[in-house]
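Fit chain B to the given chain A structure using the hints.
2 protein chains.
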Amino acid sequence: MASAARSTRIQRPHGSLQPRFGAQLGRILDHATQVFYERGYAGASMRDLSRATGMSLAGMYHYFGSKERLLYLIQKHTFSTILARARERLAELDDTEKGIRAFIQNHLQYFLEHQQAMKVLSHEDDVLEGEYGREVAGIKREYYRLCVELLERYKKGNGLEFESRTAVLSLFGMMNWIYTWYNPRLDGGADKLAREMGDLFFRGISAGKQNGHK
Amino acid sequence: MASAARSTRIQRPHGSLQPRFGAQLGRILDHATQVFYERGYAGASMRDLSRATGMSLAGMYHYFGSKERLLYLIQKHTFSTILARARERLAELDDTEKGIRAFIQNHLQYFLEHQQAMKVLSHEDDVLEGEYGREVAGIKREYYRLCVELLERYKKGNGLEFESRTAVLSLFGMMNWIYTWYNPRLDGGADKLAREMGDLFFRGISAGKQNGHK
Chain A
1 MASAARSTRI QRPHGSLQPR FGAQLGRILD HATQVFYERG YAGASMRDLS
51 RATGMSLAGM YHYFGSKERL LYLIQKHTFS TILARARERL AELDDTEKGI
101 RAFIQNHLQY FLEHQQAMKV LSHEDDVLEG EYGREVAGIK REYYRLCVEL
151 LERYKKGNGL EFESRTAVLS LFGMMNWIYT WYNPRLDGGA DKLAREMGDL
201 FFRGISAGKQ NGHK
Chain B
215 MASAARSTRI QRPHGSLQPR FGAQLGRILD HATQVFYERG YAGASMRDLS
265 RATGMSLAGM YHYFGSKERL LYLIQKHTFS TILARARERL AELDDTEKGI
315 RAFIQNHLQY FLEHQQAMKV LSHEDDVLEG EYGREVAGIK REYYRLCVEL
365 LERYKKGNGL EFESRTAVLS LFGMMNWIYT WYNPRLDGGA DKLAREMGDL
415 FFRGISAGKQ NGHK
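Those sequence lines, one after another, are chains A and B. Here the numbering used here is used: the first residue of the first sequence is 1, the next is one more, and so on. Here the numbering used here is used: the first residue of the second sequence is 215, the next is one more, and so on.
No lab work stands behind these hints: they were computed from the structure. Keep in mind that this is a model prediction, so the values were computed, not measured. The beta-carbon is built from N, C-alpha and C at its ideal position, and this holds for glycine as well. Check before you lean on any hint, since a few could be wrong.
To be verified - Now the stretches of chain A that chain B is said to cover, found in silico as 3 or more residues with beta-carbon under 8 Å:
no., region
1, 34–43
2, 153–163
3, 181–188
To be verified - Sample of chain A residues lacking proximity to chain B, with all beta carbon distances greater than 12 Å (derived):
no., residue
4, Ala84
5, Arg87
6, Ala91
7, Asp94
8, Glu131
Just chain A, same shape as in the assembly:
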């Protein structure tokens, strides 16, 4: 039903699922993202979500059950997609530094293309509980592990010593925080930012030093 890239499926405790409904899911999740973005998760009601998506309130409850489930679907779709894309990119690359730079570029590109979703995911990071929360946390952990593994390989291959956890989480911080400051006029696109952040990450600000003088 769902393609590999769009791995979010509607699994239901609520109502049966028509195949043709799958095609509408992306659009509904986009509208729901917009509502959460504008009103915050806590401030949004199923009625707001119904209005924005154009689906009746009864339909919303029938297919989705709750706004928590919509948030779960948004999170699952987003993190599955960004993970799948990172894996695709990495499969083509042998060089570890290039791999980490591709990871950064993939992350920034997805973020800049989905800025509203990214803000919603950042803010509602800890809302999901129980099975939904565990499933989403599992995908995020896979994504984090992918980056840690790349970094561990780089560290080993180059005889380096640093705290991988702090390094990876600092890198995520650098990248994720852009939703608060990104301005396309000043900051260019994902490629430029990925290059600058990659340089910062790999060589620190001293790397720009000309002729190696100190």
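Okay, now just chain B, sitting in the frame of chain A:
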């Protein structure tokens, strides 16, 4: 009325201000922060705030006027304090790298001591409008400029080339994102984190390279 360190004053369009009220302000702001943290700004009502602070609803409206004004007071107090502390620290230091490292340590220490406030400030970054929004944005701009100036001085003094804006905002990202992952058992205190992030920032992960081999 307010000490230099606690520069948040109640300026009022709403009701007159008793001097003794100043002493209670910090406590009320702490309770309000807690409410915003738990319910989100959009989800919190003046009634919730009244209950949490122990002040009557009429009193809340009389002294604060609105929950927007409470958020403004929280933001103003936080950013003024962190800015004042950074300036104090920097006044004692001549060396620019030490200055930037002190800036990082100050920021992380304040963040770790006020994690709930930091989450509220991150999430409700764009809620304030009009005069409140401009005033808070002005304090944040001063803080940002302080870091940019340090970095520009470091860049000039060492003949470096890098994009200061991306570097400073990446540094803020690294530091601010910790509210999503910080675990005192794994990550230690502000000093340890500041050292690791400072190393990452100044030398990149390759800096740990032993004997300069590549």
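Hint by hint, here is what the structure shows:
| no. | hint | in the structure |
| --- | --- | --- |
| 1 | 34–43 | holds (count 5) |
| 2 | 153–163 | holds (count 8) |
| 3 | 181–188 | holds (count 3) |
| 4 | Ala84 | holds, 23 Å |
| 5 | Arg87 | holds, 22 Å |
| 6 | Ala91 | holds, 23 Å |
| 7 | Asp94 | holds, 17 Å |
| 8 | Glu131 | holds, 22 Å |
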